[in-house]
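S.K.: Residue strings, one per chain:
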Amino acid sequence: MLRAGAFLALGGAAAPLTGCGLLDRDDGPDPGPDPLTPLLDESLRLAAGHRDAAAAHPALAGLLTPIAEAHHAHAAELARVIGVPLPSASAPAAAVPAGDPASARAALRESERGGRETATRACAAAPAERAALLASIAAARATHVEALK
Amino acid sequence: MTAPTPAGPADALGAALSAEYAAIWAYGPIGVRLTGAARTAAREAEAAHRRRRDDLIVRLSTGGGSVPADRAGYALPFPVTDRAGALRLAVEVEERTAAFWRAVVPVTTGADRDGALAALVEYALRATRWRRAAGITPLTVPFPGRPT
Numbered sequence: 001m002l003r004a005g006a007f008l009a010l011g012g013a014a015a016p017l018t019g020c021g022l023l024d025r026d027d028g029p030d031p032g033p034d035p036l037t038p039l040l041d042e043s044l045r046l047a048a049g050h051r052d053a054a055a056a057h058p059a060l061a062g063l064l065t066p067i068a069e070a071h072h073a074h075a076a077e078l079a080r081v082i083g084v085p086l087p088s089a090s091a092p093a094a095a096v097p098a099g100d101p102a103s104a105r106a107a108l109r110e111s112e113r114g115g116r117e118t119a120t121r122a123c124a125a126a127p128a129e130r131a132a133l134l135a136s137i138a139a140a141r142a143t144h145v146e147a148l149k
Numbered sequence: 001m002t003a004p005t006p007a008g009p010a011d012a013l014g015a016a017l018s019a020e021y022a023a024i025w026a027y028g029p030i031g032v033r034l035t036g037a038a039r040t041a042a043r044e045a046e047a048a049h050r051r052r053r054d055d056l057i058v059r060l061s062t063g064g065g066s067v068p069a070d071r072a073g074y075a076l077p078f079p080v081t082d083r084a085g086a087l088r089l090a091v092e093v094e095e096r097t098a099a100f101w102r103a104v105v106p107v108t109t110g111a112d113r114d115g116a117l118a119a120l121v122e123y124a125l126r127a128t129r130w131r132r133a134a135g136i137t138p139l140t141v142p143f144p145g146r147p148t
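Protein sequence lines correspond, in order, to chains X and P. For the first sequence, the numbering used here assigns the number 1 to the initial residue and increments by one for each residue that follows. For the second sequence, the numbering used here assigns the number 1 to the initial residue and increments by one for each residue that follows.
What the hints contain is simulated information worked out from the structure, not anything from laboratory work. Here a beta-carbon is modelled for each residue, glycine too, at the ideal position from N, C-alpha and C.
Per the computed footprint, the stretches of chain P lying under chain X, defined by three or more beta-carbons under 8 Å from a beta-carbon of chain X, are: (1) 91-104; (2) 118-126; (3) 139-148.
With the rest of the complex left out, here is chain P (with noise of 0.2 Å):
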């Protein structure tokens, strides 16, 4: 996941599939390095990515653009030996994810960006409770997806 530098709609939302695919496998590793109500939060943040893959697949294809493919795997930004590394690595997935959805916000309008923002939100949140969970402070950032 490299910095989001669209310039219209369809390459904002396949970038924002290409993130989407790679938050998914990072939950891989991070879920089993979690136990108890961890573990559930990463299951549902999981899903979430998933559904958004869904409703991107179908969009981009629909719309007759390209359609960018999933890889077998994805490079982490550290590895991942145990629950701190894990929430640490959920953190960043969303944060880094919100940052392409909120590279679809400025090239969108009306219901379209509604969703991306919704995205961008929904992620941000996430990186919070995860903040939290890991017990790292702040526990937030002044602007949620924005290229630092």
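The following block holds chain X by itself, in its conformation from the complex (with noise of 0.2 Å):
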């Protein structure tokens, strides 16, 4: 039983690495980093600074989880269009909730802030393919900023 684990184990690590370019032919420059890597980046940093404030303060939990929820999809759908796996919910923490709710609630809405810029710029700058998520992930947070008012 335990080998049968272990091989399952490293074969799961093993079908990343062959995606990863070890066997491709080295005919082309490397593309670099999906344009959206920092975007998905993102959206696991605001799910974790949501789920780490709704624990830190129970009261805001109600308006807090589905917030933590929605930036949770869009990182499953950046990493669908991008054609990764969804990185761990283990994500860098983003700032540690401040003291009390209030302080927590503005600085959250701060971090929404900026998220609503850069997911702006990143439909602006896509592909029509990839646009109309881009324009609905903008969207979302410019509603949570309202919504943290």
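Taking the hints as your guide, dock the two standalone chains into a single complex.
M.R.: Encoded structure:
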């Protein structure tokens, strides 16, 4: 049983390696990271920030949990269009939730405002097949700023 | 208003215009069921839809394309008999109109795409404010404007 488990784990680790170019022919410039990778990372950071603040301030959980879930759903969609597995939930947390609920809320509001700007720029620069998703993410982040008022 | 699946910018903008007509019409029955701040907000929302309607008519007619006509009336998704129903319809109107502008985003670039995104964001924000006024939670949806 142990051996089978180890084999499965190895198999899982090996699959992404081949996808990363181990067997690729070296016949083109490295395309570099996908331009949406920073947005994916930001979605995970925002999700973690809301989750942490909801844990620290239970009175805010009703407000913050759906927002955290939205960021997680954005991350899942972004990972899908980039073509990478969704990074594990242990993303580096955003700012440590501030001392009291009001300042935690204000800090989250600021990070949503920044996130809205990032998504707006990404939408403007995106090819057609990605633009609608990025538009919804920008709009969602704008509504988060409003909800956190 | 059905789910938007336009092929090009003119189709997408024509569909958005039809959605704006319906939104303006819907704010009639909404406004009469509201009072105070909510009524003022409804008036402002209606004015925003009228501005976009007017812009779209100018844009589509100068582009030489066909301009969809307004209708005498539109079917409401549910009867509106009180304040709660009016607020619920206002949420619905903003979400649905937002979906038509979202559909404009991928078929445009540059300033046209910026404008479509601005409309999507504005209507999504209004939907959130209407939910707050109605006491509907959560205040937000994960993907504003995305067809469900």
